[in-house]
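Peer 1: Assemble the complex: chain A is given as a structure, and chain B must be docked to it using the hints.
Number of protein chains: 2
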Amino acid sequence: MKVGQLGEFELINRLKEILKSELIGDDTAPIKIQSESTLLLTTDTMNEGIHFLSNYLPEAVGWKAISVNVSDIVSNGGYPEWVLISLNIPEDLENSYVERLYKGIDRACRFYKCKVIGGNIAKLEKISISVFVLGRTERFVGRKGAKPGDSLFVSGTLGDSRAGLELILMNKKEYEPFELALIERHLKPTARIDYVKHIQKHANASMDISDGLLSDLWHLSERSSVKVEIFSEKLPISKELKLFCEKYGKNPIDYALVGGEDYQLLFTHPKSSWNPFLDMTEIGKISEGQGVFVDGKLAKPKGWRHF
Amino acid sequence: MKVGQLGEFELINRLKEILKSELIGDDTAPIKIQSESTLLLTTDTMNEGIHFLSNYLPEAVGWKAISVNVSDIVSNGGYPEWVLISLNIPEDLENSYVERLYKGIDRACRFYKCKVIGGNIAKLEKISISVFVLGRTERFVGRKGAKPGDSLFVSGTLGDSRAGLELILMNKKEYEPFELALIERHLKPTARIDYVKHIQKHANASMDISDGLLSDLWHLSERSSVKVEIFSEKLPISKELKLFCEKYGKNPIDYALVGGEDYQLLFTHPKSSWNPFLDMTEIGKISEGQGVFVDGKLAKPKGWRHF
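For the record, the sequence lines run as chains A and B. For the first sequence, the working numbering begins at 1 and goes up steadily by one. For the second sequence, the working numbering begins at 1 and goes up steadily by one.
Note that the list lumps identical chains together, so a pair holds whenever it fits in one copy or between two copies.
Below, a list of computed lysine-lysine pairs in the PhoX-like style, where the Cα atoms sit at most 25 Å apart:
1) K144 - K20
2) K2 - K103
3) K242 - K188
4) K144 - K16
5) K126 - K2
6) K285 - K271
It is worth saying that the hints were derived from the structure and are not from the lab.
Just chain A, with the same shape it has in the complex:
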């Protein structure tokens, strides 16, 4: 059935059923904050045709819409708590699409331990999902604060998401297992919620890598007023990305430097705060000065831009 036939209130009822949230039903969602912790607010959007295609699994789109927002909260050292969703959809969209989208949202919220407490649905030609997340931290860690002498770290591996997107756009009939793994990393990124305590305790500066490493390093350098040096041979490359680059004649370093949407963390602290239980890699160092240098050469900011 199309959402236009189902009607707004019936659609909302079905989504409430999926989310099992008792807080939905008033003009605002009331919440109680007991302690004096810092609240973190963020919003990010997924637009059809720009951030996802209409043939993507709606569950994955819902998962990703939550994950990219949680990634922002996590990168500043916080845990996500409350979620609002502003959903814009065409009238002739199948309501099963919306319900599957919300199943993905619900799955992500249960994984990250946050809760959808409100939202809004409106009509638009294309699907546009704006998610708002309210998180909490005992200590806010932002892009400002990187100190000369700090080492620079990233979580996980870089460049996988970009390779996954290129593979999707190849529209192949069959994919090899390593290709499917890269595609999954693009479609279903996981915010690094396992790093929250480490960031809160140790990081002097932190952000997530969403636009691409180089572009995000420039943000860090400018906000912290420091020089950032990285070494390309230290960049963490997955074995799947290596296989991809061998097969298609690409350079994995390019993918790691400018491929966006990895949703890994970029943070700085003294080398001594290294945590062997996390998949963190030291990729460079912070010193006095300005600019971003790769293997000793000044690098231009390059990466994903919305315009």
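Peer 2: Relative to chain A, chain B alone:
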């Protein structure tokens, strides 16, 4: 210049300049909440072609995008504090349009005493503005809580916005002064922030009238499990709406009952809590039972639906 030529970061810099917000610049916006008050969260969207037309003044669109959200906070007895904006725009939109939109947003935020602390900009074929507001109250008042014996009140006058919209759609070369007043009420509604203390102190149930009185009365009746009776001769009609209805042969009661987007408040409390300094009108009463009755007859929910 088109936003596609200006570039994302330069556009964001100009908007930060307009908003004068130092909090913008990290993955999340950190805020400190000192007391143990209840936080109110809400989101609402304005979509081009659905909620506004491309020839509306961008300042008015920005003003309204904030006002409709503040109205939700106010209706639950709260003051707005923090605002995030998720803006979706086409690449070929003039950046002056976006700057004027943000001037309207800034003017509204200063009027309501809240602050934009973050947001996101993404590409989309049509303009879509999702606003997220975080407010605070000492006492949350929602749709549930109306008590048998309560009187039912509304703020201001009803039906003006709908008449204003119809006048805009007539696309006339010249408008009479009362017509311009109605048009202004549609384009630039004001959230009833002057009612916050009254709602907080006295109301047993409260909501804003956005979909239309009848539709919203049904929400109140269902959430409070009470019978709602109103009397059409008591509905507050502006002199401008009366002139409009005389000129075009319409019935003002219809406009007051089903015209949406008035952003007036609908609330219940004992008659004794009447406040002579507010423009409130008693339009009916709450009793045991269920359903919504107008002049003794059961009324169907009717009003604006998104689908």
